[in-house]
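As given, the protein sequences belong to chains A and B, one line each in that order. Note that our numbering gives residue 45 to position 45 of the first sequence, counting from 1, and the numbers run on in steps of one. One gets our numbering by counting positions in the second sequence from 1 and adding 1000 to each.
Hints may contain errors.
A partial selection of chain A residues facing chain B, derived with a Cβ cut-off under 8 angstroms [claimed, not checked]:
#	residue
1	Ile18
2	Ile19
3	His20
4	Pro23
5	Ile25
6	Asp26
7	Phe33
8	Val38
9	Gln40
10	Leu45
11	Val48
12	Leu50
With a straight-line cut-off of 25 angstroms between C-alpha atoms, the simulated DMTMM-like cross-links for lysine to aspartate or glutamate are [as the list claims (entries may be wrong)]:
#	chain 1	residue 1	chain 2	residue 2
13	A	Lys30	B	Asp1059
14	A	Lys43	B	Glu1056
15	A	Lys36	B	Glu1009
16	B	Lys1144	A	Glu35
17	A	Lys30	B	Glu1117
Derived by calculation from the structure, the hints in this document are not laboratory data. Keep in mind it's a predicted model, so treat the numbers as computed, not measured. Where is the CB? At the ideal position from N, CA and C, for every residue including glycine.
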Amino acid sequence: MILNMKTGQLKKERDCNIIHVNPAIDSARKHPFIEKKVEQANKTLRQVGLPIDLNTPAH
Amino acid sequence: MNQPRYLLEVSADFMAFEFVSEGRNGKIPKAIRYTQTENPLIWNLGFGDLDSTSGEINDLAVSDNGDSKQVLATVAQSCLEFSSRFPEVLIYAEGSTPARTRLYQMGICQNYVAINELFRIWGLFKGQWQPFTLGKNYTAFLVKHR
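Whole structure, please, built from the sequences with the hints as guidance.
Right, dumping it as structure tokens:
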């Protein structure tokens, strides 16, 4: 990570031109649309399960 | 994934991403959220337009901005960023409409070689998860960093 001393923003070295951290973005804010999508995901995953055993370490 | 992508802004915890689509209908803010499901190892990819007034997200609007490839490449980049930080988790993605799900599928197909090098991908077909193959229409997707 690279710290821009002027802005205080952190940037990844390999992706300096395409991503930067913005502390103002609130990932914890609830969005009804997103909540609905997560509910749909839960419903589907309850019905169909998973394609892999997550308890088995990957080789 | 060498397609053009938009500049991504990310929250400090790398769970929320935002960018601005620029096309024939102007500048349209977009938001991507990775949200934990009931299974702590599975996170939902939520993606939509960001209402700059209310701050709300929806993906039912059809922005028709003529830049869908660049938008999809940017969403894929967020997927890579998120899963690089949380390599143990699976990302679940399903469009809010069948058309949106097909759009996701097109994005995967267009970048399949590069995506397949980085991720394991499964598609949900007739109620069963299968390893993703080109030419099949899936209703949802799961991806995991290799």
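For each hint, the structure was consulted:
With a least beta-carbon distance of about 6 angstroms to chain B, the hint placing isoleucine 18/A at the interface is held under the 8 angstroms criterion. Below 8 angstroms, beta-carbon pairs count as interface contacts, and isoleucine 19/A has one with chain B at about 4 angstroms; its hint therefore holds. For histidine 20/A, the shortest C-beta to C-beta distance to chain B is roughly 6 angstroms, which falls under 8 angstroms, so the interface hint holds. Among the interface hints, the one on proline 23/A holds; its C-beta lies about 5 angstroms from the nearest C-beta in chain B, closer than the 8 angstroms criterion.
With 8 angstroms as the threshold, the beta carbon of isoleucine 25/A comes within range of chain B, its nearest partner Cβ sitting at about 4 angstroms, so the hint holds. Hint on aspartate 26/A holds. Least Cβ distance to chain B is approximately 7 angstroms, under the 8 angstroms limit. A cut of 8 angstroms between beta carbons decides the hint on phenylalanine 33/A: the least distance to chain B is about 5 angstroms, and the hint holds. With a cut of 8 angstroms, the hint placing valine 38/A at the interface with chain B holds, because the nearest CB-to-CB distance is about 5 angstroms.
This hint holds: glutamine 40/A has a C-beta 7 angstroms from the nearest C-beta of chain B, less than the 8 angstroms allowed. Proximity of leucine 45/A to chain B holds as hinted, the smallest CB-CB distance being about 6 angstroms (cut-off 8 angstroms). Nearest Cβ of chain B to the Cβ of valine 48/A: about 6 angstroms, under the 8 angstroms cut. The hint holds. For leucine 50/A, the suggested interface contact is upheld, since its CB lies about 7 angstroms from the closest CB of chain B, less than 8 angstroms.
At roughly 15 angstroms between alpha-carbon atoms, lysine 30/A and aspartate 1059/B fall within 25 angstroms of each other, so this suggested pair holds. For the given pair, lysine 43/A sits about 23 angstroms from glutamate 1056/B by alpha-carbon distance, which is consistent with the 25 angstroms threshold. Under the criterion of a C-alpha separation no larger than 25 angstroms, the hint pairing lysine 36/A with glutamate 1009/B is consistent with the structure, at around 24 angstroms. With a CA separation close to 22 angstroms, the supplied pair lysine 1144/B and glutamate 35/A stays within the 25 angstroms bound.
Only pairs whose Cα atoms come within 25 angstroms are accepted, and lysine 30/A paired with glutamate 1117/B is rejected, the gap being roughly 34 angstroms.
The structure is inconsistent with hint 17 alone, although it conforms to all the rest.
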